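Chains as they are written, first to last, in our numbering: chain A, 1 to 114; chain B, 1 to 114.
If you are wondering where the hints come from, they were derived from the structure by calculation, not from laboratory data. Given the structure is predicted, the values throughout are model-derived calculations rather than measurements. Every clue listed holds true.
Straight-line C-alpha distance at most 20 Å; calculated SDA-like pairs for lysine to any residue:
| hint | chain 1 | residue 1 | chain 2 | residue 2 |
| --- | --- | --- | --- | --- |
| 1 | A | 101 | B | 51 |
| 2 | A | 5 | A | 87 |
| 3 | B | 9 | A | 41 |
| 4 | A | 101 | B | 55 |
| 5 | A | 68 | A | 24 |
As a plain string of letters, each chain reads:
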Amino acid sequence: DQQVKQNSPSLSVQEGRISILNCDYTNSMFDYFLWYKKYPAEGPTFLISISSIKDKNEDGRFTVFLNKSAKHLSLHIVPSQPGDSAVYFCAANPYDFGNEKLTFGTGTRLTIIP
Amino acid sequence: DSGVTQTPKHLITATGQRVTLRCSPRSGDLSVYWYQQSLDQGLQFLIQYYNGEERAKGNILERFSAQQFPDLHSELNLSSLELGDSALYFCASSQRDTVADTQYFGPGTRLTVL
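Next up, chain B with everything else stripped away, as it sits in the complex:
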């Protein structure tokens, strides 16, 4: 158990809909990262927050947004969903805002868009 929790575990929805994925980092970790893993792909970095502020951005679509709240949990919002958004979404946390710090991953949320 990494100490990072993600809810829900599975999500099935239809095209055009909007969903919210939630992540609670390990106690004491200030950084939260979001990754997308599509079928047979590596993990694609989406976005990082550090202590409530956006710190780094990857190839995140404009339809996707995220935020980190004062209690340090984070939410990833995906809107106008398309079939290609079906993927595993992982959240990771680390103590500081450098990737030299070990990132601890949650178990992921599997999103299926029908």
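For reference, chain A alone in the conformation it holds in the complex:
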């Protein structure tokens, strides 16, 4: 049972435009969410996170939005740059002290078109 879903395996966006990557989750115990970025032949790199007490977190060109009622989060990248081409994973963690473990989605491959 996939508790964290990224329904778009791939996304192509023109350079300079906004990239929006989506993620849905089913477990209402999830209370901390993260986005990771992965280039080929490298491990994932942490990008941005959000706690369930917030609905938005911003870091430079990257903004994560959380809609708890819809169990949905999204990552906005604006403006998109060629170096943003990578696979993006969302991940979620439950509020379960002593048993914290990240659950990852299957990833969305973002391609920025120059």
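Once you have looked at the hints, place chain B on chain A.
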């Protein structure tokens, strides 16, 4: 470079065999996490160690085991290998034992079981 090293980078072996994957965490990090990424799948959490002790367990098969040594490096042992064990295995490290701490990933070990 995340500061997390994994060896070997690639491993090709036959069914029924046993292999050991090694991970050295970032200097000062006490937690080590192991993940498996099969084809077109997200990262599946296997197991976490914190300062030498097992802290959290995911869907790790009984044929798999791990340990963290006093120098904090970790090894993941996979035995009685099956074709379905072919995957990328990532190690990550963080300072403490909470997922609120950023996890830094190594480049992964690609295991191919023939």
